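Position one of the sequence shown corresponds to residue 4 (this note's numbering), numbered consecutively onward.
Among the clues, some could well be false.
With a straight-line cut-off of 25 Å between C-alpha atoms, the simulated DSS-like cross-links for lysine-lysine are [said to hold, decoys possible]:
1) Lys212 x Lys289
2) Lys23 x Lys288
3) Lys285 x Lys198
4) Lys212 x Lys285
Hints were generated in silico from the structure; no laboratory data involved.
As the structure is a prediction and not an experimental result, all values here were calculated from the model.
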Amino acid sequence: MTSSESILKDAMVEIGDDTKLIRLATITTFVHSLLFIIYIVYVLFTINQKYRNSSWIWELLWDYIDIIAPNTQILIILIILWIALLIGYTILPPIGESAMIFYLDDENKRGSSSLWKWITRFFPMFEFNATMTFLNILAVAITLSRLYVMDILNWLTITLMVLWTIFSLIAMFLLPYTKFIITLQDTKYFDAMKKSATLAISNISITFKFIIINFVLYLRFIINVIIVIWIPLLLLWVASRFEIADQYRFQILIIVMALILVVLTAYINGIIEAFFITYWYKVYKKITT
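Hey, can you work out the whole structure from these sequences and the hints?
See the structure below:
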């Protein structure tokens, strides 16, 4: 068994026996998962408006979105909810990621003490996450989808997207150890980024292998789309064949099922995130000890 395979196996065994880490990862990534799902629904809604008469699936998508579409009476509630989600999107990751790293580095695996240690690392982690928001390959994909929907893909925007993708890939390769350096070495975020780049270049083989695994993990968002969007749509399509799709009780059933699937998908993402940070922690420890 190669060292990479050993790290992956050890990480899977560790998170399989550690529900505290999975819960912490789920809480940390829940807002990210929810906002991504909302964005996907928005993109599909926009595409539906653009190609509404092209096929039955777009009509069906319109019916599904129309069931859960907001109205003006709950606009204030939605604004408050959006503000809360924005706060969760920016505040939870620095807290949760630091806590998970402290937790993994604690031989006794004490969740409560690890959770409170984030206070001393919050701002460097926050600064790094803010930087990576613009160098995230997922942000590139979201922007590309938005440009496509808006019909503004041309040679200039494509060139900019290619350059952005290249910078994002470089950042993904050079900066995977930054969070661990910030947390475990109490280093400022810019200095931690430089140290991470040095580590990545010095250990190019193992870093590259786990970067590839990162790309595989990004497929979890495709799973989100399949679970949260297409299962309810399939049920709606079946219901339309039996002419019950307009019934109020069935619409409530679809909404409840969609909410349950959102929570389930967030939990699955939490498991993947726990696996993600565990194996990167093990890589970091391997190349620094």
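Hint check:
1. Lys212 x Lys289: Given pair Lys212, Lys289 holds - Cα atoms ~14 Å apart, limit 25 Å.
2. Lys23 x Lys288: Measuring from Cα to Cα gives roughly 21 Å; hence the hint holds.
3. Lys285 x Lys198: Roughly 17 Å between the alpha carbons, so the hint for Lys285 and Lys198 holds.
4. Lys212 x Lys285: Between Lys212 and Lys285 the Cα gap is close to 14 Å, so the pair holds against 25 Å.
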